[in-house]
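Participant: Sequences listed follow chains A and B, in order. My numbering applies: residue 12 is where the first sequence begins, and numbers increase by one. My numbering applies: residue 12 is where the second sequence begins, and numbers increase by one.
Quick caveat, the hints were computed from the structure, so don't treat them as lab data. Treat the hints with care, since some could be wrong.
Any copy will do: because identical chains look the same in the list, a pair fits if it lies in one copy or spans two.
[Claimed, not checked] Straight line, CA to CA, 27 Å or less: simulated BS3-like cross-link-like pairs of lysine-lysine:
no.	residue 1	residue 2
1	K31	K199
2	K309	K139
3	K312	K31
4	K199	K176
5	K203	K286
Here's the letter readout for the chains.
2 protein chains.
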Amino acid sequence: MSLVVIGTVAFDAIETPFGKTDKIVGGAATYASLAASYFYDEVKIVAVVGDDFPQAEIRNLNNHHINTEGLQIKQGEKSFFWAGKYHNDMNSRDTLVTELNVLADFDPIIPESYQDCEYLMLGNLTPKIQQTVINRMHKRPKLIVMDTMNFWMDIAMDDLLQTLKMVDVLAINDSEARQLSGEYSLVKAADKILTMGPKYLIIKKGEHGALLFSNGQIFSAPALPLAEVFDPTGAGDTFAGGFIGYLAKVGTINFNNMKNAIIYGSALASFCVEKFGTERLLNLTPQDVSARIGEFVKLSKFEIL
Amino acid sequence: MSLVVIGTVAFDAIETPFGKTDKIVGGAATYASLAASYFYDEVKIVAVVGDDFPQAEIRNLNNHHINTEGLQIKQGEKSFFWAGKYHNDMNSRDTLVTELNVLADFDPIIPESYQDCEYLMLGNLTPKIQQTVINRMHKRPKLIVMDTMNFWMDIAMDDLLQTLKMVDVLAINDSEARQLSGEYSLVKAADKILTMGPKYLIIKKGEHGALLFSNGQIFSAPALPLAEVFDPTGAGDTFAGGFIGYLAKVGTINFNNMKNAIIYGSALASFCVEKFGTERLLNLTPQDVSARIGEFVKLSKFEIL
Numbered sequence: 012m013s014l015v016v017i018g019t020v021a022f023d024a025i026e027t028p029f030g031k032t033d034k035i036v037g038g039a040a041t042y043a044s045l046a047a048s049y050f051y052d053e054v055k056i057v058a059v060v061g062d063d064f065p066q067a068e069i070r071n072l073n074n075h076h077i078n079t080e081g082l083q084i085k086q087g088e089k090s091f092f093w094a095g096k097y098h099n100d101m102n103s104r105d106t107l108v109t110e111l112n113v114l115a116d117f118d119p120i121i122p123e124s125y126q127d128c129e130y131l132m133l134g135n136l137t138p139k140i141q142q143t144v145i146n147r148m149h150k151r152p153k154l155i156v157m158d159t160m161n162f163w164m165d166i167a168m169d170d171l172l173q174t175l176k177m178v179d180v181l182a183i184n185d186s187e188a189r190q191l192s193g194e195y196s197l198v199k200a201a202d203k204i205l206t207m208g209p210k211y212l213i214i215k216k217g218e219h220g221a222l223l224f225s226n227g228q229i230f231s232a233p234a235l236p237l238a239e240v241f242d243p244t245g246a247g248d249t250f251a252g253g254f255i256g257y258l259a260k261v262g263t264i265n266f267n268n269m270k271n272a273i274i275y276g277s278a279l280a281s282f283c284v285e286k287f288g289t290e291r292l293l294n295l296t297p298q299d300v301s302a303r304i305g306e307f308v309k310l311s312k313f314e315i316l
Numbered sequence: 012m013s014l015v016v017i018g019t020v021a022f023d024a025i026e027t028p029f030g031k032t033d034k035i036v037g038g039a040a041t042y043a044s045l046a047a048s049y050f051y052d053e054v055k056i057v058a059v060v061g062d063d064f065p066q067a068e069i070r071n072l073n074n075h076h077i078n079t080e081g082l083q084i085k086q087g088e089k090s091f092f093w094a095g096k097y098h099n100d101m102n103s104r105d106t107l108v109t110e111l112n113v114l115a116d117f118d119p120i121i122p123e124s125y126q127d128c129e130y131l132m133l134g135n136l137t138p139k140i141q142q143t144v145i146n147r148m149h150k151r152p153k154l155i156v157m158d159t160m161n162f163w164m165d166i167a168m169d170d171l172l173q174t175l176k177m178v179d180v181l182a183i184n185d186s187e188a189r190q191l192s193g194e195y196s197l198v199k200a201a202d203k204i205l206t207m208g209p210k211y212l213i214i215k216k217g218e219h220g221a222l223l224f225s226n227g228q229i230f231s232a233p234a235l236p237l238a239e240v241f242d243p244t245g246a247g248d249t250f251a252g253g254f255i256g257y258l259a260k261v262g263t264i265n266f267n268n269m270k271n272a273i274i275y276g277s278a279l280a281s282f283c284v285e286k287f288g289t290e291r292l293l294n295l296t297p298q299d300v301s302a303r304i305g306e307f308v309k310l311s312k313f314e315i316l
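I would like the entire structure built from these sequences, with the hints used as guidance.
Facilitator: This is the structure we're talking about:
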């Protein structure tokens with residue numbers, strides 16, 4: 012039994028009001044697999060890099076029990092590279108550079124040893140590639156979680172709608188939910204999106220928390236108010252990885268477990284933004300995680316008799 | 012013992028994507044006192060209207076046990092009038108008309124029978140008038156809650172800072188908290204504002220809920236996700252009125268009771284936006300309120316062992 016994460020493993024160069032980095036390791040699959048590794052031991056990656064990607068960074072993943080057999084290394088090619096600059100509010104950013112490189116013709120290979128996949132995390136990639144991965148699984152995983160973004164709604168909506176039909180959970184942000192549904196009210200947006208395939212919809216609202224919708228039920232999760240958001244890169248992927256990692260750990264899929272999974276995902280994301288890139292995610296202790304969960308409980312608990 | 016509410020009692024003309032109204036009754040003190048009346052029987056208003064204000068509307072308040080002895084009626088003058096139009100997102104609006112009328116030289120009179128005031132709600136007005144009301148109370152109330160807005164930060168910041176020193180709770184929205192403190196992070200904004208006088212700060216975030224800060228503690232309250240927001244006018248005043256009304260009912264001021272007060276205030280506000288103006292606030296039953304509270308509990312509850 013395993014949790015397979017597909018997404019980018021890449022280089023980022025990040026500029027925030029607090030400083031800037033050279034090329035550092037990033038990518039949706041990197042963040043999501045690291046986050047999931049705190050809850051589940053059998054995390055496996057499907058991704059592609061060039062031969063410029065440092066072996067030491069791959070070992071970092073392996074040290075977290077992340078299986079990288081499905082990480083293709085293309086000789087003579089370069090890894091995906093993104094450079095961006097965050098505005099002062101940290102909620103908006105400009106993309107400075109996008110070099111697709113190896114991602115341009117990424118054909119995901121699913122190693123035989125990954126065919127025990129029970130939990131599948133489709134990180135943000137073209138909907139076509141996400142679909143290919145589902146189709147290459149001999150047996151449909153028990154739970155498929157899909158991340159996507161406005162970019163694919165703009166240029167590949169038909170593919171996206173097809174892929175949506177094949178998944179159990181969709182995780183997108185509020186403006187994406189509005190774009191996908193054509194509804195401004197998030198309640199109406201959720202009603203529409205839940206007719207498109209997924210049984211569960213998570214709407215991520217960044218500093219305002221997240222909403223979970225399913226079958227007439229709604230859960231509102233808080234975000235931890237932070238004095239400083241150092242670098243928001245990867246927070247959404249970390250959230251998704253923590254979410255599915257926690258569900259893989261508990262093994263039963265229902266609304267109550269999803270609620271807790273959202274709190275665990277939010278807790279991991281709150282660590283992610285404390286430092287540049289994946290730095291904070293590499294060395295958390297179980298005590299760090301449980302103390303942070305305690306803060307979420309305290310933050311949102313009230314008792315009305 | 013009583014709860015005194017000072018603020019506007021006025022006419023509004025409202026246009027939303029769902030329709031428009033002629034002049035209807037509005038004003039911060041109207042919304043706040045109606046909301047408070049669901050929890051507390053001794054609510055008293057300090058406000059001013061012209062002789063164009065219908066007696067029937069004053070009787071509506073009296074029917075909710077709201078004492079209007081402190082409501083001045085200026086013969087030969089007209090009531091405050093505001094007209095506004097909401098944009099499609101319902102989060103932003105344009106002011107079309109503001110006619111100060113009787114408000115231009117409002118001198119609040121505190122009837123002798125109001126001097127038993129234990130709970131004082133300072134609705135949004137010039138900080139000078141808010142201060143005058145505090146000074147005209149023979150005995151300092153047990154709890155003073157203050158609402159204000161960016162407009163006073165722009166043109167009367169010194170007065171506002173003086174008034175702030177005299178209150179216990181400040182309730183403002185997120186952009187106002189940022190403007191008042193000069194800090195983007197709400198955690199840092201709260202730290203600064205809590206050195207300016209109030210012991211408690213409520214940051215209202217509309218559809219994203221509210222945050223309560225005090226002495227290193229934070230509470231994050233959800234907002235009820237609504238399929239339709241029909242008319243947001245008065246939601247903030249309704250929230251504040253429900254908040255202080257609930258505290259007046261329980262009688263003990265501490266962080267836990269404040270948390271519940273925020274949930275009760277949010278519940279009343281969620282009714283307010285369902286219809287134009289005060290319509291929905293005029294005829295709620297205790298069952299309506301407790302069912303809505305139940306929705307808030309269900310919405311935000313999770314149990315991590």
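Participant: Determine for every hint whether it applies to the structure shown.
Facilitator: Going down the list of hints, with the structure as the test:
no.	hint	verdict
1	K31 / K199	between (40 Å within a copy, 23 Å between copies)
2	K309 / K139	neither (42 Å within a copy, 38 Å between copies)
3	K312 / K31	neither (37 Å within a copy, 39 Å between copies)
4	K199 / K176	within (19 Å within a copy, 44 Å between copies)
5	K203 / K286	between (37 Å within a copy, 24 Å between copies)
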